[in-house]
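Undergrad: Each chain, written out:
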Amino acid sequence: MAAVSAQGGRSGGGGGSSGAGGGPNCGTGSGRSGLLDKWKIDDKPVKIDKWDGSAVKNSLDDSAKKVLLEKYKYVENFGLIDGRLTICTISCFFAIVALIWDYMHPFPESKPVLALCVISYFVMMGILTIYTSYKEKSIFLVAHRKDPTGMDPDDIWQLSSSLKRFDDKYTLKLTFISGRTKQQREAEFTKSIAKFFDHSGTLVMDAYEPEISRLHDSLATERKIK
Amino acid sequence: MVRAGAVGTHLPASGWDIFGDLRKMNKRQLYYQVLNFAMIVSSALMIWKGLIVLTGSESPIVVVLSGSMEPAFHRGDLLFLTNFREDPIRAGEIVVFKVEGRDIPIVHRVIKVHEKDNGDIKFLTKGDNNEVDDRGLYKEGQNWLEKKDVVGRARGFLPYVGMVTIIMNDYPKFKYALLAVMGAYVLLKRES
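Heads up: the sequence lines are chains A and B, in that order.
Heads up: the first sequence at position 210 corresponds to 210 in UniProt numbering, and the numbers run straight through without jumps.
Heads up: the second sequence at position 70 corresponds to 70 in UniProt numbering, and the numbers run straight through without jumps.
For reference, chain B alone in the conformation it holds in the complex:
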């Protein structure tokens, strides 16, 4: 048949040129491919930052990692948080907090609250499924948590969805491979 000479980087035997689309482009189109990729990344970033601003929490969506809050939340559930300053923290509410020195936030229930007239509070937490309260998890010598340790209060949740995040964190190679493939697809394929 008519094959007017193999062109450059064909994969042998398959005849598939992954850079085929790119080679037919001029400078502007190449720049647009890069921009396209940048815009997808930017959109995701802006949505995340937008959520941060709206909810007032530095991490508005978290994944439950342990079973310490069963039967309310299971490992792999996705939680939506808000952190408005005006909302009081009362016993019985579920909060996500960070202990000083650790970077993984914990989601447990508030069981005791001490409140001063000016609004300062000290509170104690415990996981529903734990035998004892969280004093063992706090910093050395710390017996109470304060408002500044709070990342947010749980407002809603989606079951099971967070398992994807857990799998990707357990197998980071899978995460990078997935991201690389998606990135390559956007960069190399021409948008219509």
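Here chain A stands alone, though its shape is the one from the complex:
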């Protein structure tokens, strides 16, 4: 369909990052040392197994992230992710404490410490479940747009998506929270993943990037009208 013809039109070899943000990509890079650069494949076309649902969703999410961060130059906020990492790290810490204590003071004497660690671990697991279900939901990007005048608080853009198992309909939701008025607006689209991937499993940015931009602009322009 449309995706395949776009694919045919692209020349081989230097196709590279000819998708959205071809310009900014060359310069942005990762700014890391040469070895890490060679290992990472950020800027190469994303090719995945088109039958693997989670790989498809991950690549669509990553590309949407790239568009927002590179094209619109927003700054990613890691608060949500850091929260989840902290909870997991604390849980593992309890487990390690239990392991070492039990090794140094064999069983019957270690009973109270063990009981405490086990209960704490499962409490942390409960907290983690609540955190991922209610606070994080399916949000995979929180980005800030710094106010150019430096006076107003940042505007926040959130991206969340869903793709059901064995389904081909991908829903991407963009939420805009104004820094000044604290108002929240959202826009979303649901499209079949076949519109964005060609038959070999490569994500065609030419088809995907305009969708993201359209979502973004629909939320941004509303603001200007008001």
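Don't read these hints as lab results, they were simulated from the structure.
All values reported here derive from a predicted model rather than from experimental measurement.
Cβ atoms here follow ideal geometry from the backbone N, Cα and C, with glycine treated the same way.
Misleading hints may appear alongside valid ones.
What the hints assert, rightly or not - Pulled a few chain A residues facing chain B out of the computed Cβ check, cut under 10 Å:
hint	residue
1	46
2	47
3	55
4	59
5	62
6	82
7	94
8	102
What the hints assert, rightly or not - Think about it this way: if two alpha-carbon atoms lie no more than 27 Å apart in a straight line, the pair counts; the simulated BS3-like pairs of lysine-lysine are:
hint	chain 1	residue 1	chain 2	residue 2
9	B	27	A	146
10	B	24	A	44
11	B	27	A	65
12	A	44	B	27
13	B	189	A	191
14	A	57	B	27
15	B	24	A	191
16	A	111	B	98
17	B	27	A	173
As the list claims (entries may be wrong) - What follows is a set of in silico ranges between Cβ atoms, one per label pair, in the way DEER data are often shown:
hint	chain 1	residue 1	chain 2	residue 2	range
18	A	103	B	112	33 to 39 Å
19	B	156	A	168	45 to 51 Å
20	A	116	B	67	39 to 45 Å
21	A	134	B	67	50 to 56 Å
22	B	41	A	113	17 to 23 Å
23	B	41	A	111	18 to 24 Å
24	A	90	B	67	43 to 49 Å
25	A	181	B	181	52 to 58 Å
Put chain B on the given structure of chain A with help from the hints.
TA: Same frame as chain A, now just chain B:
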């Protein structure tokens, strides 16, 4: 077709890059992969320690290794144990005990018990399928077992399930290979 240059560690001929998922990740996501693996290991560990605390036994789940308790238990059965101090040990009960100096516990039936007023006991065991009692298995000069030798008393069992453990102990390479594959899968594949 459009193949914009082969990338690094493709397996030749198959074009499959096992590190593909990892290379697309930033530092936080890499850390989360490691954490994910650690959490799976921790969950298993905590469940085991939790069982130890709940049952009071240092090894709450054991596998029957020999046929000395047939027809009650067969080789490969899984046994659930508890070791509460208040429970008295009476003749006829099935206990799992460890002989001093050996680290493999034995599961046999109690056939004789001597009990003092203060609760100290001495007991003798014998496997249902054995001709003689266990005195030959005890330490040199030991004729009776005491409460401290008991790992737990059998409360329930699952037939056949323990065969997996027996196979993995007989072929340790299989066990390590299995663990390595599972570990690699968790570490290398990106969670959605």
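Undergrad: Confirm or reject each hint.
TA: Evaluated hints:
1. For the restraint placing residue 46/A at the interface with chain B, the shortest Cβ-Cβ distance is roughly 8 Å, inside the 10 Å limit, so the hint holds.
2. Hint status for residue 47/A: holds, given a least beta-carbon distance of 9 Å to chain B, under 10 Å.
3. A least Cβ separation of about 8 Å between residue 55/A and chain B falls short of the 10 Å threshold, and the interface hint therefore holds.
4. Hint status for residue 59/A relative to chain B: holds, with the closest Cβ pair at about 8 Å, below 10 Å.
5. The criterion of a C-beta within 10 Å of any C-beta in chain B is met by residue 62/A, whose closest approach is roughly 7 Å, and the hint holds.
6. A cut of 10 Å between beta carbons decides the hint on residue 82/A: the least distance to chain B is about 8 Å, and the hint holds.
7. Because the beta carbon of residue 94/A sits about 8 Å from the nearest beta carbon in chain B, less than 10 Å, this interface hint is met.
8. Using the Cβ-Cβ criterion of 10 Å, the hint placing residue 102/A at the interface with chain B is satisfied: the shortest such distance is roughly 7 Å.
9. At roughly 24 Å between alpha-carbon atoms, residue 27/B and residue 146/A fall within 27 Å of each other, so this suggested pair holds.
10. A C-alpha spacing of about 10 Å is found between residue 24/B and residue 44/A, which places the hinted pair at or below 27 Å, so the restraint holds.
11. Taking the CA atoms of residue 27/B and residue 65/A, the gap is about 16 Å. The hint holds against a cut of 27 Å.
12. For the given pair, residue 44/A sits about 19 Å from residue 27/B by alpha-carbon distance, which is consistent with the 27 Å threshold.
13. Proximity of residue 189/B to residue 191/A is assessed by CA-CA distance (about 26 Å); at most 27 Å being required, the pair is judged to hold.
14. Using a Cα cut-off of 27 Å, the hinted pair residue 57/A and residue 27/B holds, with the two alpha carbons roughly 20 Å apart.
15. Taken as a hint, the residue 24/B and residue 191/A pair is honoured in the structure, with Cα atoms around 24 Å apart against an allowance of 27 Å.
16. Restraint check: the Cα-Cα separation between residue 111/A and residue 98/B comes to about 20 Å, which is no more than 27 Å; the hinted pair holds.
17. Between the alpha carbons of residue 27/B and residue 173/A the distance comes to roughly 25 Å, so the proposed pair stays at or under 27 Å and holds.
18. For the pair residue 103/A and residue 112/B, the supplied restraint of 33 to 39 Å holds, since their beta-carbon distance comes to about 37 Å.
19. For residue 156/B and residue 168/A, the Cβ-Cβ distance of about 47 Å falls inside the hinted range of 45 to 51 Å, so the restraint holds.
20. A hinted range of 39 to 45 Å for the beta carbons of residue 116/A and residue 67/B is consistent with their spacing of about 41 Å.
21. Look at residue 134/A against residue 67/B: about 54 Å separates their beta carbons, and that is inside 50 to 56 Å.
22. For residue 41/B and residue 113/A, the Cβ-Cβ distance of about 19 Å falls inside the hinted range of 17 to 23 Å, so the restraint holds.
23. Here the CB-CB span from residue 41/B to residue 111/A is close to 22 Å, well matched to the stated 18 to 24 Å.
24. Our hint of 43 to 49 Å for residue 90/A and residue 67/B holds, since their Cβ atoms are close to 47 Å apart.
25. Between residue 181/A and residue 181/B the beta carbon distance is about 54 Å. The supplied range of 52 to 58 Å therefore holds.
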